[in-house]
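If you read the sequences in order, they're chains E and G. My numbering numbers the first residue of the first sequence as 1 and each following residue consecutively. My numbering numbers the first residue of the second sequence as 537 and each following residue consecutively.
Take the hints with a grain of salt, since some may be wrong.
[Claimed, not checked] If the Cβ cut is set under 8 angstroms, some of the chain G residues that face chain E in the computed set are:
#, residue
1, E547
2, L594
3, E595
[Stated by the list, open to error] Listed next, with one range per pair, are the computed distances between beta-carbon atoms:
#, chain 1, residue 1, chain 2, residue 2, range
4, E, E12, G, I684, 37 to 45 angstroms
5, E, N244, G, K696, 50 to 58 angstroms
6, E, N244, G, S557, 49 to 57 angstroms
7, E, N291, G, S557, 39 to 47 angstroms
8, G, S557, E, N333, 51 to 59 angstroms
9, E, D165, G, T662, 34 to 42 angstroms
10, G, D577, E, I104, 21 to 29 angstroms
11, G, Q700, E, K191, 27 to 35 angstroms
12, E, E12, G, T662, 53 to 61 angstroms
13, E, K473, G, R563, 26 to 34 angstroms
14, G, Q617, E, I470, 47 to 55 angstroms
15, E, K215, G, T662, 51 to 59 angstroms
Source of the hints: derived by calculation from the structure; they are not laboratory data. Think of the CB as a built atom: it goes at the ideal place given N, C-alpha and C, for glycine as much as any other residue.
Residues per chain are reported as follows:
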Amino acid sequence: MKAAEAIVKCLEKEEVNVIFGYPGAAIMPVYEALRNSNIKHILVRQEQAAAHSANGYARTSGEVGVCIATSGPGATNLITGIATAYMDSIPLIVITGQVKSTLIGRDVFQEVDITGATESFIKHSYLVKDAKNIPQIMKEAFHIAKTGRPGPVLIDIPEDIQNEDIKFSYDMEINIRGYKPTYIGHIGQVKRAIKRLKESKKPILCIGGGVVSAKAEKELLKFVEKTKIPVVSTLMGLGGIDHNSPYYIGMIGSHGFNFANRAIAEADVVMFLGARIADRATGGSKLFAKNADIIHIDVDPAEIGKNLGTAIPVVGDVKKILEQFLELITPLNTEEWMEYLNSLRQNYKRKRNITNNVNPKYAINLISEILDNNAIMVADVGQNQMWAALNFKIIEDRKFLTSGGLGTMGYSLPAAIGAAIANPKRQVVAVMGDGGFQMSLFELATIKQNEIKLIILLFNNEGLGMVREIQHKVYKAEYGVSLNKNPDFIKLAQAYGIKGKRVFKDDELKDAVNEAIESDESFLIECIVDPKESTL
Amino acid sequence: MKRHVLSILVENHSGVLSRVSGLFSRRGYNIDSLSVGETEDPNVSRMTIVVRGDEYILEQIKKQLNKLIDVIKVIELKENQSVYRELMLIKVEADKNQRPEIIEIVNIFRGKIVDVASESLMIEITGDEEKISALINMLKPYGIKEMIRTGLTALERGNKQIKQHKKFEEE
Numbered sequence: 001m002k003a004a005e006a007i008v009k010c011l012e013k014e015e016v017n018v019i020f021g022y023p024g025a026a027i028m029p030v031y032e033a034l035r036n037s038n039i040k041h042i043l044v045r046q047e048q049a050a051a052h053s054a055n056g057y058a059r060t061s062g063e064v065g066v067c068i069a070t071s072g073p074g075a076t077n078l079i080t081g082i083a084t085a086y087m088d089s090i091p092l093i094v095i096t097g098q099v100k101s102t103l104i105g106r107d108v109f110q111e112v113d114i115t116g117a118t119e120s121f122i123k124h125s126y127l128v129k130d131a132k133n134i135p136q137i138m139k140e141a142f143h144i145a146k147t148g149r150p151g152p153v154l155i156d157i158p159e160d161i162q163n164e165d166i167k168f169s170y171d172m173e174i175n176i177r178g179y180k181p182t183y184i185g186h187i188g189q190v191k192r193a194i195k196r197l198k199e200s201k202k203p204i205l206c207i208g209g210g211v212v213s214a215k216a217e218k219e220l221l222k223f224v225e226k227t228k229i230p231v232v233s234t235l236m237g238l239g240g241i242d243h244n245s246p247y248y249i250g251m252i253g254s255h256g257f258n259f260a261n262r263a264i265a266e267a268d269v270v271m272f273l274g275a276r277i278a279d280r281a282t283g284g285s286k287l288f289a290k291n292a293d294i295i296h297i298d299v300d301p302a303e304i305g306k307n308l309g310t311a312i313p314v315v316g317d318v319k320k321i322l323e324q325f326l327e328l329i330t331p332l333n334t335e336e337w338m339e340y341l342n343s344l345r346q347n348y349k350r351k352r353n354i355t356n357n358v359n360p361k362y363a364i365n366l367i368s369e370i371l372d373n374n375a376i377m378v379a380d381v382g383q384n385q386m387w388a389a390l391n392f393k394i395i396e397d398r399k400f401l402t403s404g405g406l407g408t409m410g411y412s413l414p415a416a417i418g419a420a421i422a423n424p425k426r427q428v429v430a431v432m433g434d435g436g437f438q439m440s441l442f443e444l445a446t447i448k449q450n451e452i453k454l455i456i457l458l459f460n461n462e463g464l465g466m467v468r469e470i471q472h473k474v475y476k477a478e479y480g481v482s483l484n485k486n487p488d489f490i491k492l493a494q495a496y497g498i499k500g501k502r503v504f505k506d507d508e509l510k511d512a513v514n515e516a517i518e519s520d521e522s523f524l525i526e527c528i529v530d531p532k533e534s535t536l
Numbered sequence: 537m538k539r540h541v542l543s544i545l546v547e548n549h550s551g552v553l554s555r556v557s558g559l560f561s562r563r564g565y566n567i568d569s570l571s572v573g574e575t576e577d578p579n580v581s582r583m584t585i586v587v588r589g590d591e592y593i594l595e596q597i598k599k600q601l602n603k604l605i606d607v608i609k610v611i612e613l614k615e616n617q618s619v620y621r622e623l624m625l626i627k628v629e630a631d632k633n634q635r636p637e638i639i640e641i642v643n644i645f646r647g648k649i650v651d652v653a654s655e656s657l658m659i660e661i662t663g664d665e666e667k668i669s670a671l672i673n674m675l676k677p678y679g680i681k682e683m684i685r686t687g688l689t690a691l692e693r694g695n696k697q698i699k700q701h702k703k704f705e706e707e
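Excised from the complex, chain E in its bound form (with noise of 0.2 angstroms):
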């Protein structure tokens, strides 16, 4: 069998379905073993889309996404993809082409050196030399990817050894010396966090995006229930908890709520779960848990003390761990501490600004309450992040995407495609500035080409808003923020056959909303928002 054909029959093997990619000389004998494949191919029309989508579509299939382009400008127009998986922790498969072995390291017409240049934000990768371990590499590379804490894994495979003949044999067992990630916590770190938050009066859990991605999602419920802990999320962890829990408190960080932060700076003992404790999340507060006795729960034990001391560790994963505490562990009395925690909520006066336009808090909220309990919403970064993040409603089985290590605009429409292809029948919407709309604007090209349907929510407030606000508090004035020429979106998108509405005020929005969920195609809904319009 054809070396390439053997990469396809892999990815078979471990039941891919969708791959999401852009063709070119390098990559091409994969692309003709494609060809006869049942395994879809998605077109992006650049690159990055195709990580990003890959991205969207692993986080919502709970599958590892995968995604394919050529050598050269393909690979490092993967590159913010690849980063962006990395920071949230997201299982890809990224493969690409590479030039001939015998011309590596002369370089030669779309050459580049893929697996050095994302040697720092990378699980693992391969540069395949010898065609006949690709089998292996490539069940390693899945193995490495989905396990452990997930991330994207790249596999760069010269253009003569995709032609060479090989046996393929896909029944080895794997068995990689330096990588044995620990599952089940340490019985007696475990005993030890449990008798702390009997002790505790004032206990909180923080969740993380790793309580998603270990999809303990019930467990984490169950946990709360019996043990009647209140719990706060970062921003990757909204998701994790259905926010119709009596025990759910908010969302914390430099963009969270007031009262969610308190609750942290408050409590006596926080125990993180699958959360890295970033800048983001503590707001670079001193505050920040400062009177509280930490458990960590991580199942990277690298995490545990990078950002916070912790005096108690656990490492494994977090849906084990969860079922080890539940096992052990007996209610506490939390009572007064959650009455306390729910007058600051009930407390809290949200800003309500008062302008002509669309105020895209209520927006969100609006179309928070209209959507289905299983709906996916993806979010942008700036303003549009915050927007969503703070006043979409996590229900049921909803989810919320976003790009939250680092922060990659551009991310939600491909990433919403993804989400679309893995979930066909569930409601996607994807939130983003006029900033981040005209990174990925070409992506509406493959919407159409797809039939993929999408609700876009475009706010557009003419400018780059998060930066333009920070402009205004800390420096002088606004500079170099401006989209005051914008194109029409409304036109932009019919030119892609892409029906749209432009909404100028609040009681406009919710027909266009239902409008938008009644089509049963893409629909973009482009609300006018105030460049005033703050964050919080």
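Chain G: place on chain E using the hints.
Leaving out everything else, chain G in the frame of chain E:
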């Protein structure tokens, strides 16, 4: 900042050295020296890395190294439980009048003259870093033409092998 000696078993294939050294630079860790070579198993290489940092940095370095798929084991070799060695080749200016003096110094340090030329001598010496630095100081007055140090390499004393150490996070 305190100096630490790390001994690391890695898979012996291309790209591994770059992954390990890249990790130090991108996370801002200071590296004093790095030496690498094959082991009794040809599929495994062993690195000795000398780093400077406090306990927090050391722990982070160990954890981040362990995250690399190609890294099999990371241990710290404490000075009182290990043998530290370094090899140096040094070329000193030496005419025929100076030669006997230099040879005498080298003998005291248990070094070897490995090359003689009309105006220079090449000396090979192994030892811990202090011994090597002391020899350099003694030879400076004659004029050092060029020199190379391998960087520290180290092995734990006693019967225990690196393989028998627990993985860092299990400790």
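Hints and how they fare:
1. E547: Cβ of E547 (chain G) sits 7 angstroms from chain E, so the hint holds.
2. L594: Since the shortest Cβ distance to chain E is 11 angstroms, the answer is violated.
3. E595: holds, 6 angstroms
4. E:E12 <-> G:I684: 37 to 45 angstroms: Between E12 (chain E) and I684 (chain G), where Cβ atoms are some 53 angstroms apart, the hint is violated.
5. E:N244 <-> G:K696: 50 to 58 angstroms: Distance hint for N244 (chain E), K696 (chain G) holds at roughly 56 angstroms.
6. E:N244 <-> G:S557: 49 to 57 angstroms: Hint holds: Cβ distance 50 angstroms, inside 49 to 57 angstroms.
7. E:N291 <-> G:S557: 39 to 47 angstroms: At roughly 41 angstroms between Cβ atoms, S557 (chain G) and N291 (chain E) fall inside 39 to 47 angstroms, so the hint holds.
8. G:S557 <-> E:N333: 51 to 59 angstroms: Check passed, 53 angstroms falls within 51 to 59 angstroms.
9. E:D165 <-> G:T662: 34 to 42 angstroms: Cβ of D165 (chain E) to Cβ of T662 (chain G): about 51 angstroms, so the range 34 to 42 angstroms is violated.
10. G:D577 <-> E:I104: 21 to 29 angstroms: holds, 28 angstroms
11. G:Q700 <-> E:K191: 27 to 35 angstroms: Holds: the Cβ-Cβ distance is about 28 angstroms, inside 27 to 35 angstroms.
12. E:E12 <-> G:T662: 53 to 61 angstroms: Distance hint for E12 (chain E), T662 (chain G) holds at roughly 57 angstroms.
13. E:K473 <-> G:R563: 26 to 34 angstroms: Since K473 (chain E) and R563 (chain G) have Cβ atoms about 32 angstroms apart, the given range 26 to 34 angstroms holds.
14. G:Q617 <-> E:I470: 47 to 55 angstroms: holds, 53 angstroms
15. E:K215 <-> G:T662: 51 to 59 angstroms: Holds, at about 55 angstroms.
Of the numbered hints listed earlier, those contradicted by the structure are 2, 4, 9.
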